[in-house]
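*Asks:* Okay, here's what each chain looks like letter by letter:
2 protein chains.
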Amino acid sequence: MPELRQNLATREWVIISSERAKRPEEFVQPSKERVEDRPVYDPGCPFCPGNEEHELEQLRLPTQGDWQVRVVRNKYPALREDGDLVRHVDGLNHSISGIGYHEVIVETPIHNTCPALESEQTIEQTLRAFQLRGLALREDSRVEQLVFFKNHGRTAGASLMHPHTQLLALPVVPYDIRTRVESARRYFLDWGECLNERIRKDEEQQGVRMIYQTDYFSAFIPFAAFSPFHLWIAPHRRVASFLDALPEELRELSIILRQVIRKLYFGLNDPDYNYVIRSAPESERDAEYLQWYVSIVPRVSRMAGFELGSGMFINSALPEESAAFLRSVNVPDDEA
Amino acid sequence: MPELRQNLATREWVIISSERAKRPEEFVQPSKERVEDRPVYDPGCPFCPGNEEHELEQLRLPTQGDWQVRVVRNKYPALREDGDLVRHVDGLNHSISGIGYHEVIVETPIHNTCPALESEQTIEQTLRAFQLRGLALREDSRVEQLVFFKNHGRTAGASLMHPHTQLLALPVVPYDIRTRVESARRYFLDWGECLNERIRKDEEQQGVRMIYQTDYFSAFIPFAAFSPFHLWIAPHRRVASFLDALPEELRELSIILRQVIRKLYFGLNDPDYNYVIRSAPESERDAEYLQWYVSIVPRVSRMAGFELGSGMFINSALPEESAAFLRSVNVPDDEA
Numbered sequence: 001m002p003e004l005r006q007n008l009a010t011r012e013w014v015i016i017s018s019e020r021a022k023r024p025e026e027f028v029q030p031s032k033e034r035v036e037d038r039p040v041y042d043p044g045c046p047f048c049p050g051n052e053e054h055e056l057e058q059l060r061l062p063t064q065g066d067w068q069v070r071v072v073r074n075k076y077p078a079l080r081e082d083g084d085l086v087r088h089v090d091g092l093n094h095s096i097s098g099i100g101y102h103e104v105i106v107e108t109p110i111h112n113t114c115p116a117l118e119s120e121q122t123i124e125q126t127l128r129a130f131q132l133r134g135l136a137l138r139e140d141s142r143v144e145q146l147v148f149f150k151n152h153g154r155t156a157g158a159s160l161m162h163p164h165t166q167l168l169a170l171p172v173v174p175y176d177i178r179t180r181v182e183s184a185r186r187y188f189l190d191w192g193e194c195l196n197e198r199i200r201k202d203e204e205q206q207g208v209r210m211i212y213q214t215d216y217f218s219a220f221i222p223f224a225a226f227s228p229f230h231l232w233i234a235p236h237r238r239v240a241s242f243l244d245a246l247p248e249e250l251r252e253l254s255i256i257l258r259q260v261i262r263k264l265y266f267g268l269n270d271p272d273y274n275y276v277i278r279s280a281p282e283s284e285r286d287a288e289y290l291q292w293y294v295s296i297v298p299r300v301s302r303m304a305g306f307e308l309g310s311g312m313f314i315n316s317a318l319p320e321e322s323a324a325f326l327r328s329v330n331v332p333d334d335e336a
Numbered sequence: 001m002p003e004l005r006q007n008l009a010t011r012e013w014v015i016i017s018s019e020r021a022k023r024p025e026e027f028v029q030p031s032k033e034r035v036e037d038r039p040v041y042d043p044g045c046p047f048c049p050g051n052e053e054h055e056l057e058q059l060r061l062p063t064q065g066d067w068q069v070r071v072v073r074n075k076y077p078a079l080r081e082d083g084d085l086v087r088h089v090d091g092l093n094h095s096i097s098g099i100g101y102h103e104v105i106v107e108t109p110i111h112n113t114c115p116a117l118e119s120e121q122t123i124e125q126t127l128r129a130f131q132l133r134g135l136a137l138r139e140d141s142r143v144e145q146l147v148f149f150k151n152h153g154r155t156a157g158a159s160l161m162h163p164h165t166q167l168l169a170l171p172v173v174p175y176d177i178r179t180r181v182e183s184a185r186r187y188f189l190d191w192g193e194c195l196n197e198r199i200r201k202d203e204e205q206q207g208v209r210m211i212y213q214t215d216y217f218s219a220f221i222p223f224a225a226f227s228p229f230h231l232w233i234a235p236h237r238r239v240a241s242f243l244d245a246l247p248e249e250l251r252e253l254s255i256i257l258r259q260v261i262r263k264l265y266f267g268l269n270d271p272d273y274n275y276v277i278r279s280a281p282e283s284e285r286d287a288e289y290l291q292w293y294v295s296i297v298p299r300v301s302r303m304a305g306f307e308l309g310s311g312m313f314i315n316s317a318l319p320e321e322s323a324a325f326l327r328s329v330n331v332p333d334d335e336a
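Keeping their order, the protein sequence lines are chains A and B.
Here the first sequence is numbered in my numbering, starting from 1 and rising by one per residue.
Here the second sequence is numbered in my numbering, starting from 1 and rising by one per residue.
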């Protein structure tokens, strides 16, 4: 029997479609060029060593002599750093000047790798770069919301294959995020606890959708996952902003994020995916009703007309089955 | 200078990204197999003539002897027709049994065609089938929301190439639609007029984003279009539910819908696209603050991590330029 499950953060329903459900193995991706089969260095790649002059800004985290992670301004930024934040209202046409920041974190000098094949140290430094840049950008009072994300693979929106993540600093809080914040605030007012914390604790207790657990983090497929293998990595310590995660938490997040991404890589044959770090709006960065977390969305299904027309999603994988599958995936021993 | 524009229906912002903007010609799709080069009849296609026995239900609109349009239950329905609508609440796990309808409208017996190549009569009969089936399904008191949509091409979610559209009848109003309804209701309370009607009239007056106009409909790219060439076809007569569109309106909608789809087909080389008919929830089907319309979304850009993490979209095409481009596209003379 199909079931509609409600995402309490967005209040939206998801159709968990048992009649058209696929077994987890049916989501294994077809063979394609392996990341490792690409050249380790591509002279035409703007993110490879030797092309640092293309940078507009740089952050170095020198641990082994040369740079390991560097940050550059996006060459084609979605937003512009200079100018005044001006609001125009002309009848129904409401607009704001597109002020903000759009930066790229180049995760490693190595061209032919990806997070599933990177070391924990590389992932940890990427997370540190996110934090350092976020802390710098929040100093600009025009910044209302930081969005941290990764696009892995073409169908996930990546145009350059050299491993990189991105950071956008927005001059507004997106309405979607406002809705989530408001749900969390109301939940706190009604129940006296943080909604995300309650979701995580419930998932830990129920166990059927858990994938992996460490001292500081839990990885699970949420009850109302909107797409196959959509999963959360949620911290145990409640803090609203990712920028307030502690160094030891970042270290452990790099371990569990890598482990989960490797389970996807080896279990589903390197699916394209996005991950985003959901962090509080700047104006509510200390709110006790909010908790940051990482959301990972493998791109193994497509958004179609129904999703566009309703805002709802049809998930053709049962979250419990997907979680059992990911738990059972053995990743090769860690040679990194 | 990039600009954030607000969609007043959803209150969400869209980044209109002039720095990374592409010229309209850059969205022309690469060459691919032409629809017409496929066989006119495919014995393995469940929608081709001769396979009618696979139907669970049928609607015939006989105009030339054999069927022109037929309606079948989706073989792998997202929702199930039988059973009671039961709500389960177990802590944070909120669910409703997946009751509803999922039907397919086979637009024509011809396998190798698509709306851009179909006759106006075929499109009109598809729209009539939508209406007839919607009127039948709304008799079921469990139905709260009808969603009418088309997926054209693989990246738009189509798995079968034989031209077809789909209809889902939901037992809940999606939260996204509730948000839109609430925005429209508040606008009506504040301003005494229908938001969608005001949007259409403003677009007609400004003209720069208009594409096509007939006696009963206007086609335009909205000010805050969330993706390149995202466009609306809005009726001039205000009525909340598509099911209340008049026969002469359906006839004219088939003309303008076909014309706009042909402009996309010839101007952008047959892009994949979705169209959805946005119609009022059943409980508000007579609301004076609502107006149905058709939303068309060519799939010429990709949703990536930023969109997932923020709910906002980055549109790399200027709506005004896209509209001028589509206005200038000459479609071949109508031989259909």
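Errors might be hidden in some of the hints.
In silico BS3-like pairs for lysine-lysine, Cα to Cα no more than 27 Å straight-line [said to hold, decoys possible]:
# : chain 1 : residue 1 : chain 2 : residue 2
1 : B       : K75       : A       : K22
2 : B       : K75       : A       : K32
3 : A       : K32       : A       : K22
4 : B       : K22       : B       : K32
5 : A       : K75       : B       : K32
Because the hints were derived from the structure by calculation, they are not lab data.
*Asks:* Would the hint linking A/K75 and B/K32 be met if the CA-CA limit is 27 Å?
*Replies:* Violated. A/K75 to B/K32 sits at ~31 Å, over the 27 Å cutoff.
*Asks:* Between the alpha carbons of B/K22 and B/K32, is the straight-line distance 27 Å or under?
*Replies:* holds (22 Å)
*Asks:* Measure nothing beyond the straight line between the CA atoms of A/K32 and A/K22; if it is 27 Å or shorter, mark the hint as holding.
*Replies:* Holds. A/K32 to A/K22 sits at ~22 Å (cutoff 27 Å).
*Asks:* Going straight from one Cα to the other, do B/K75 and A/K32 come out at no more than 27 Å?
*Replies:* It is violated: about 31 Å lies between the C-alpha atoms, which goes past 27 Å.
*Asks:* Would the pair B/K75 and A/K22 pass a check requiring their Cα atoms to be no farther apart than 27 Å?
*Replies:* Given that 27 Å is the threshold and the Cα spacing comes to 14 Å, the pair holds.
Checked against the numbered hints listed earlier, the structure breaks hints 2 and 5; every other hint is satisfied.
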